[in-house]
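Participant: So you can see what is in the structure, the chains are spelled out below.
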Amino acid sequence: MESIIRIQDVTFEYKRTGSETSAILALDGISLDIEKGSFTAIIGVNGSGKSTLAKNMNGLMLPTGGKVYVNGMDTADESGIWDVRQTIGMVFQNPDNQMVSAVVEDDIAFGPENLGVDPEEIRRRVDMSLQAVGMYDFRKKAPHMLSGGQKQRIAIAGVVAMLPECIVFDEPTAMLDPQGRREVLDIVEKLNKESGKTIVLITHFMDEVANADRIVVMDGGKIVMDGKPQEIFVRSDELKKLGLDVPFAAELACRLRQRGIDIPENIILMDELADHIKEHC
Amino acid sequence: MSIRIENLTHIYNKGLSYETVALDGVSLTIEDKEFVGIIGHTGSGKSTLIQHINGILKPENGRIFINDTDITEKGIKLSDIRKRVGLVFQYPEYQLFEDTVEKDIAFGPSNMGLSPEEVDERVRESMELVGLAYDEFAGRSPFELSGGQKRRVAIAGVIAMRPEVLIMDEPTAGLDPKAHKDIIEMLVKLHKMTECNILLVSHNMEDVAEIVDKIIVMHSGKIFSQGSPAEIYKERDRLLDIGLEVPQAMLFMKKLEDRGISVGKDVMTMDEAVEEIEKLLRKGS
Amino acid sequence: MIRDITLGQYYPGDSFIHRLDPRFKIIATLVYIVALFIMVDFTSYIFTISYMAAVIIISKVPLSFIMRGMKPILLILACTFLINLFMIKGGDVLLDMGFLTVTEKGLRTAVFLATRLIMLLMVSSMLTFTTKPIMLTDGIESLLKPFKKIGVPAHELAMMMSIALRFIPTLLEETDKIMKAQLARGADFENGNIIKRAKGLIPILIPLFISAFRRADELAMAMEARCYKGGDNRTRLHSLKFTYRDLIATIVTVLMVAALVIQRILM
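Residue numbers (my numbering), protein chains in the order written: chain A, 185 to 465; chain B, 493 to 777; chain C, 5 to 271.
Please note: incorrect hints may appear among the correct ones.
Claimed, not checked - DSS-like, lysine-lysine: derived pairs with alpha carbons at most 27 angstroms apart:
| # | chain 1 | residue 1 | chain 2 | residue 2 |
| --- | --- | --- | --- | --- |
| 1 | B | Lys569 | C | Lys200 |
| 2 | B | Lys670 | A | Lys239 |
| 3 | C | Lys75 | B | Lys566 |
| 4 | A | Lys406 | B | Lys714 |
| 5 | B | Lys757 | B | Lys726 |
| 6 | C | Lys245 | C | Lys149 |
| 7 | A | Lys325 | C | Lys75 |
| 8 | C | Lys245 | B | Lys714 |
| 9 | A | Lys325 | B | Lys506 |
| 10 | B | Lys673 | C | Lys181 |
| 11 | B | Lys775 | B | Lys726 |
| 12 | A | Lys462 | B | Lys506 |
| 13 | C | Lys184 | B | Lys566 |
| 14 | A | Lys239 | B | Lys566 |
To be verified - Label pairs and their computed distance ranges (CB to CB):
| # | chain 1 | residue 1 | chain 2 | residue 2 | range |
| --- | --- | --- | --- | --- | --- |
| 15 | C | Asp221 | B | Ser638 | 13 to 23 angstroms |
| 16 | C | Ser54 | B | Asp733 | 49 to 59 angstroms |
| 17 | C | Asp221 | A | Glu463 | 52 to 62 angstroms |
| 18 | B | Thr534 | A | Met312 | 26 to 36 angstroms |
| 19 | A | Met257 | C | Leu148 | 28 to 38 angstroms |
| 20 | A | Arg307 | B | Asp705 | 53 to 63 angstroms |
| 21 | B | Thr512 | C | Gly196 | 30 to 40 angstroms |
| 22 | A | Glu378 | C | Phe246 | 37 to 47 angstroms |
| 23 | C | Leu148 | A | Gly300 | 13 to 23 angstroms |
It is worth saying that the hints were derived from the structure and are not from the lab. No residue lacks a Cβ here, since even glycine has one placed at the ideal position from N, Cα and C.
Only chain A is shown next, with the shape it has when bound in the complex (with noise of 0.2 angstroms):
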């Protein structure tokens, strides 16, 4: 498979301020390929790293060591970086704090106007996406008169009316309460399966990347785990040690082998655990 984001051996550091002059190395030697068309979720504790490692896949942070590509184009390059950025869109943590206009349409406008997209075509991409994430009613609204979760379908439109290849989602559901965290996962889900989007998904909750092509591990700057989900999931003791959680599905398998009972090591969905135990009572 071709690789739409190459990441070779990155590191970074932040410098700090004040009174101690010693750097932070936030990343420590990343590499990482990030495959067209796949669904991978990084996932970390607070302090892993895995928020600025989804700031150096579009130029926002460049590495201090290493490079990134991102369809072959090095990230560092200036003259390619709005290339990066239309081919690699981002959504972010807090929706209050990514939407620049008093009105939604306006908002979704935000990014193809930017692009120089002619006011016709931008004005059925602003539709297009507006549909996309279930929100065309709501195109006149004020975003502050949304919910959490219909903030964040909004910042997601925003990124898919510039028609990228690839979204990262840094943590896009950390603010959200369990309905506006669906809502927002299921379209993650739909713009990988229907559209076809490359989708990067940054988060520390584990039960919402069950349904992941790939799921890297990250802790300390480091990548401590990288494979699909039934390889990670019944790592359960070593995720708990890392401060993570286990679903809930994966655990009582885990908890269910322990004491001798047969589970195959491929079961981590809830739904699968039930089907084999109807099968084995």
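Once you have looked at the hints, place chains B and C on chain A.
Facilitator: Using the frame of chain A, we list chains B and C on its own:
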């Protein structure tokens, strides 16, 4: 301290075209020392409810008794109520403003007019209760701490007022799983040590299920049901109907039932689920 | 509490007034303000008040909504009214209360000035009520464009205003929250002398500034991620067009001003 609420109604933007009834005839009783979970969707009225208990909001209708004092009565000194009922808002770290942790925590007790020695004692006590070592943190700026630590500082700022009722609005919102767990454990410890009433507002039934004495479920400005966790969870299907998340173990039992497998009704936690399913599978094979 | 302020907000609608070119509306507002100051007597009010009444009726913005926006300045209004009423002397004495007298000239000036102030506020609120903030800033940007050569940063100014408008409700909500949180910690904003009260604001202002800076930082990053690179080569979803509607509105406005001018000359 006991709290009794009778027929409480609150309307936002009254008289305007977009007025909303946030609370609609809510009545409830909370006993002395009780640890209560208040559960509901965003917009169910739970945040509005708790803001009435320390007099930040005034009801349209109804009465609120705290130890038999009606705080909705005219002429009542709200500052006295606020000393006794501590309220920790959502994302409380956004209210921090002093340049050291110590000074920020001292803000509440100082406002109460306590002597510097008393304030100092309370700062130390509350820092210990939230699990921040005084020697390590007192002199540091709250703004250079981690998200979880900042939140503890903010909570300590309220605990330092030694409230008899402590209300927490979503104290774990936005934290990672580790910080989340730490805060929940801190609450349990706090309840044990101070014996104050704790009202925990949460979306997360999972947290609430294992630690509270009583659950109040709010829905569209009304009380949907209240009782012990076991009683509430008997109504699992009703809770699912209004879109509330029940503990994962219960959700899983429902999935088994849907597949025609009969399981115990009272499974609420992971441990109980493991037991139940082990029994089930051993019987089968 | 604090959320009740409607001044400067947009009232969504699709009326004739809402659909006018913002450039026209900005100029008309300025012209109207000038007109308010060339009024000389009560007959000239007929023109300006009926013009305003027509605008309000056509715009379908409820009067109660407009009035709510006026609330914060009621006090100033009452003060200027009373000062004028009692301080300006001339003409017949209408009311004599010993040390305070109301004269005909005083009453006239007081009513005049109060009406002028109300109209001034109304016209500027009507501009923001009926014009989407983004259209308003587009209009300002477009009107300022000719001055770009002499160094007026038209696009940047417009962008700043648009962002400010977007964040006003958010920051108001936040202020409300912080106030409540500090109240719960026993803060007192109402009692004591001025110095004590000013000090009492610190626990609100510092968190508010910190949050505003954090928001600014995150917003800047989000804007960069969405390829914002300044005003050059930007297109717009809504390009401004001067239509027949604007022509009608222009004619009406010109007639109103002309009537005022003629009346003034005749006087």
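Participant: Now, for every hint given, state plainly whether the structure supports it.
Facilitator: Status of each hint after checking the structure:
1. In summary, the hint linking B:Lys569 to C:Lys200 is supported, as the alpha carbons are separated by about 20 angstroms, within the 27 angstroms threshold.
2. Between B:Lys670 and A:Lys239 the CA atoms are separated by roughly 24 angstroms; this keeps the pair inside 27 angstroms, and the hint holds.
3. Distance hint between C:Lys75 and B:Lys566 is fulfilled; the C-alpha atoms sit about 26 angstroms from each other, no more than 27 angstroms.
4. Of the supplied pair hints, the one linking A:Lys406 and B:Lys714 is violated, its CA atoms being roughly 49 angstroms apart against a limit of 27 angstroms.
5. With a C-alpha separation of about 7 angstroms, the suggested pair B:Lys757 and B:Lys726 falls inside the 27 angstroms cut-off, and the hint holds.
6. For the proposed pair C:Lys245 and C:Lys149, the alpha carbon gap of about 16 angstroms is at most 27 angstroms, so the pair holds.
7. Taken as a hint, the A:Lys325 and C:Lys75 pair is honoured in the structure, with Cα atoms around 25 angstroms apart against an allowance of 27 angstroms.
8. A hinted pair counts as satisfied when its Cα atoms are at most 27 angstroms apart, and C:Lys245 with B:Lys714 does not qualify at roughly 51 angstroms.
9. About 22 angstroms separates the Cα atoms of A:Lys325 and B:Lys506, which keeps this hinted pair within 27 angstroms; it holds.
10. Our distance criterion of 27 angstroms between C-alpha atoms is met by B:Lys673 and C:Lys181, whose separation comes to about 26 angstroms.
11. Annotation: proposed proximity of B:Lys775 to B:Lys726 holds, straight-line Cα distance about 25 angstroms (limit 27 angstroms).
12. The hinted pair formed by A:Lys462 and B:Lys506 fails the criterion: a straight-line CA distance of about 54 angstroms is larger than 27 angstroms.
13. Proximity of C:Lys184 to B:Lys566 is assessed by CA-CA distance (about 20 angstroms); at most 27 angstroms being required, the pair is judged to hold.
14. Simply put, A:Lys239 and B:Lys566 have alpha-carbon atoms about 55 angstroms apart, too far for the 27 angstroms limit, and the pair is violated.
15. Taken as a hint, the range 13 to 23 angstroms holds for the pair C:Asp221 and B:Ser638, whose Cβ atoms sit roughly 18 angstroms apart.
16. Checked against the hint of 49 to 59 angstroms, the pair C:Ser54 and B:Asp733 passes, with Cβ atoms roughly 57 angstroms apart.
17. A beta carbon spacing of about 54 angstroms between C:Asp221 and A:Glu463 agrees with the range 52 to 62 angstroms that was offered as a hint.
18. A hinted range of 26 to 36 angstroms holds for the C-beta pair B:Thr534 and A:Met312, which are about 29 angstroms apart.
19. The hinted window of 28 to 38 angstroms between A:Met257 and C:Leu148 holds, with their beta carbons roughly 36 angstroms apart.
20. The hinted range of 53 to 63 angstroms is satisfied by A:Arg307 and B:Asp705, whose Cβ atoms lie roughly 57 angstroms apart.
21. B:Thr512 and C:Gly196 have their C-beta atoms about 35 angstroms apart, which keeps the hinted 30 to 40 angstroms range intact.
22. Range check, A:Glu378 to C:Phe246: about 42 angstroms between beta-carbon atoms, so the 37 to 47 angstroms window is met.
23. Range check, C:Leu148 to A:Gly300: Cβ separation about 21 angstroms, and the 13 to 23 angstroms hint holds.
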